[in-house]
Amino acid sequence: MSALTVLAADGEFEAPGPSIFNFPPLWDGGPAWASKPVLFALVGALIVCVLAWGAFARPKLVPRGMQNIGELGYLFVRDQVARPFLGKDAERWMPLMVSLFFLILLWNLFGVVPFVQIPIASHIAFPAVFAITIYVIKIYLGIKHQGFIGYFKNMMFPPGLPKPIYLLLAPIEFLSNLIIAPFTHAVRLFANMFAGHMLLAFFSMVGFWFLIERPTIAGAAVGVLGVVMTIVMTGFEIFIEYLQAFLFTMLAAMYIGGSLHPEH
Amino acid sequence: MTLGAGLLAAEAENPLIPHAYELIVGGFAFLVVFVVVGKILTPRIQKTLEERTEAIEGGIKKAAEAQAEAQRTLEDYRAKLNEARHEAARMREEAREQAAQIKAELREEAQAEARRLIEAAHAQIEADRRQAFTQLRAELGRLSTELASRIVGESLEDETRQSRVVDRFLDELESAGEAAVR
Numbered sequence: 000m001s002a003l004t005v006l007a008a009d010g011e012f013e014a015p016g017p018s019i020f021n022f023p024p025l026w027d028g029g030p031a032w033a034s035k036p037v038l039f040a041l042v043g044a045l046i047v048c049v050l051a052w053g054a055f056a057r058p059k060l061v062p063r064g065m066q067n068i069g070e071l072g073y074l075f076v077r078d079q080v081a082r083p084f085l086g087k088d089a090e091r092w093m094p095l096m097v098s099l100f101f102l103i104l105l106w107n108l109f110g111v112v113p114f115v116q117i118p119i120a121s122h123i124a125f126p127a128v129f130a131i132t133i134y135v136i137k138i139y140l141g142i143k144h145q146g147f148i149g150y151f152k153n154m155m156f157p158p159g160l161p162k163p164i165y166l167l168l169a170p171i172e173f174l175s176n177l178i179i180a181p182f183t184h185a186v187r188l189f190a191n192m193f194a195g196h197m198l199l200a201f202f203s204m205v206g207f208w209f210l211i212e213r214p215t216i217a218g219a220a221v222g223v224l225g226v227v228m229t230i231v232m233t234g235f236e237i238f239i240e241y242l243q244a245f246l247f248t249m250l251a252a253m254y255i256g257g258s259l260h261p262e263h
Numbered sequence: 000m001t002l003g004a005g006l007l008a009a010e011a012e013n014p015l016i017p018h019a020y021e022l023i024v025g026g027f028a029f030l031v032v033f034v035v036v037g038k039i040l041t042p043r044i045q046k047t048l049e050e051r052t053e054a055i056e057g058g059i060k061k062a063a064e065a066q067a068e069a070q071r072t073l074e075d076y077r078a079k080l081n082e083a084r085h086e087a088a089r090m091r092e093e094a095r096e097q098a099a100q101i102k103a104e105l106r107e108e109a110q111a112e113a114r115r116l117i118e119a120a121h122a123q124i125e126a127d128r129r130q131a132f133t134q135l136r137a138e139l140g141r142l143s144t145e146l147a148s149r150i151v152g153e154s155l156e157d158e159t160r161q162s163r164v165v166d167r168f169l170d171e172l173e174s175a176g177e178a179a180v181r
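Going line by line, the protein sequences match chains D and X. The opening residue of the first sequence carries number 0 in numbering that gives the first Met the number 0; numbering runs sequentially from there. The opening residue of the second sequence carries number 0 in numbering that gives the first Met the number 0; numbering runs sequentially from there.
Any given hint might turn out to be false.
Derived lysine to any residue pairs resembling SDA-like cross-links, with alpha carbons at most 20 Å apart [unchecked claim]:
(1) X:38 <-> D:88
(2) X:38 <-> D:35
(3) X:38 <-> D:70
(4) X:38 <-> X:48
(5) D:143 <-> D:86
(6) D:35 <-> X:17
(7) D:87 <-> X:49
(8) X:38 <-> X:49
(9) X:46 <-> D:61
(10) D:59 <-> X:42
(11) D:35 <-> X:12
(12) D:35 <-> X:14
(13) D:59 <-> D:71
(14) D:87 <-> X:46
None of these hints come from the bench; they were simulated from the model.
Go ahead and model the full structure; you've got the sequences and the hints to work with.
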């Protein structure tokens, strides 16, 4: 907030910009990498490991406590993500899907945790790591299961279409599968977190500015609206954060499933 | 203001360009989670879920088997009951038939016995009659002869005497006849 106040020091309200995602080192003179997102990325990974350990370290046939919650998440990933897109290979890919979903979900939820308040995925590097990993797995599996030529043939020339269509379709398919897909995969998650966080920052900034920084009678209504909207948007953000974690994992499963079993 | 200036400079940063250190940290975090959650913990819960499914399916199968067994026993029992009922009905019928038969036989026998007794009685009467007749005949002959001899022996002396003799004889005969009849 101090940064925002500084920016608005000249007495005029200024909406927060992309600069709110830039964090200085945690301590003065510290290295650039020792920043808040890095710290909480690691804390998030640790929390995921600890929670998962609590739930699944010694699983019981009749679940109790943490295991119930863990199984809820696990079964969600299995039944909504893995099984529909991976079919009989679902069990084999569950480790990757579970790791992806839980880590992304927790990192996203950091966006609404008080004092943390940074969705880790709003820094493109983090979703990029996931997207690149999935991209590499996708191409490796595609070539392994369909052959080098077969992979590209299945991708660019799906059978059963009139010949001239391929002139148009082949380049589009190539582009969308090999270049656009990984990019959108990462950017979809990143942009949702980025924009959501910006909205929250904006509304809380409105409330802060019109009720505390420059309280005026005319501005009070706007300030109250800002606070109300902050609360509403926080609820909405929780939903979006969960939805994006689900969507990212689902797309990962879809890409892997597509490489294992090309569409006929 | 140095902070503000720094932020303004940073604002020029493109949010779509990843920081190298964040890529490394992200990769590291992902790897740790993948190893701990994916490689160590997921197989455990997979195994447990599989065991649970087996346990539940086993339970269901066992219950179905028990039900089938109960059903079989019930059918057996019903069949046996039915059989017993039939058997009982059959035995009753048989007994009734036998009773009727025995009754008929007894009646027949009794009637035969009665007939036989009557016949025997008739035969006895006939025989007695015959015997009596025979005896009577012999007696009558003898008595006639005796009477005749007496009549001849006394000769025909006098009429009165003669009539006396005849009277006496007849009296004797009468008394003898009465005694014989008695």
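Each hint tested on the structure:
For the hint pairing residue 38 (chain X) with residue 88 (chain D), the CA-to-CA distance comes to about 16 Å; that is within 20 Å, so the pair holds. In summary, the hint linking residue 38 (chain X) to residue 35 (chain D) is not supported, as the alpha carbons are separated by about 28 Å, beyond the 20 Å threshold. With a C-alpha separation of about 16 Å, the suggested pairing of residue 38 (chain X) with residue 70 (chain D) holds against the 20 Å cut-off. Pair hint residue 38 (chain X) plus residue 48 (chain X) holds up; C-alpha atoms about 16 Å apart against a cutoff of 20 Å.
Simply put, residue 143 (chain D) and residue 86 (chain D) have alpha-carbon atoms about 18 Å apart, close enough for the 20 Å limit, and the pair holds. Taken as a hint, the residue 35 (chain D) and residue 17 (chain X) pair is honoured in the structure, with Cα atoms around 15 Å apart against an allowance of 20 Å. A distance of roughly 14 Å separates the Cα atoms of residue 87 (chain D) and residue 49 (chain X); the hinted pair therefore holds under the 20 Å criterion. For the suggested pair residue 38 (chain X) and residue 49 (chain X), the alpha carbons sit about 17 Å apart, so the restraint of at most 20 Å is met.
Restraint check: the Cα-Cα separation between residue 46 (chain X) and residue 61 (chain D) comes to about 13 Å, which is no more than 20 Å; the hinted pair holds. The suggested pairing of residue 59 (chain D) with residue 42 (chain X) holds, with an alpha-carbon distance near 13 Å, which does not exceed 20 Å. Taking the CA atoms of residue 35 (chain D) and residue 12 (chain X), the gap is near 17 Å; set against the 20 Å cutoff, the hint holds. Taking the CA atoms of residue 35 (chain D) and residue 14 (chain X), the gap is about 16 Å. The hint holds against a cut of 20 Å.
Only pairs whose Cα atoms come within 20 Å are accepted, and residue 59 (chain D) paired with residue 71 (chain D) is accepted, the gap being roughly 14 Å. Note on residue 87 (chain D) and residue 46 (chain X): the hinted pairing holds, with a Cα-Cα distance of about 16 Å set against a maximum of 20 Å.
Checked against the numbered hints above, the structure breaks only hint 2 and satisfies the rest.
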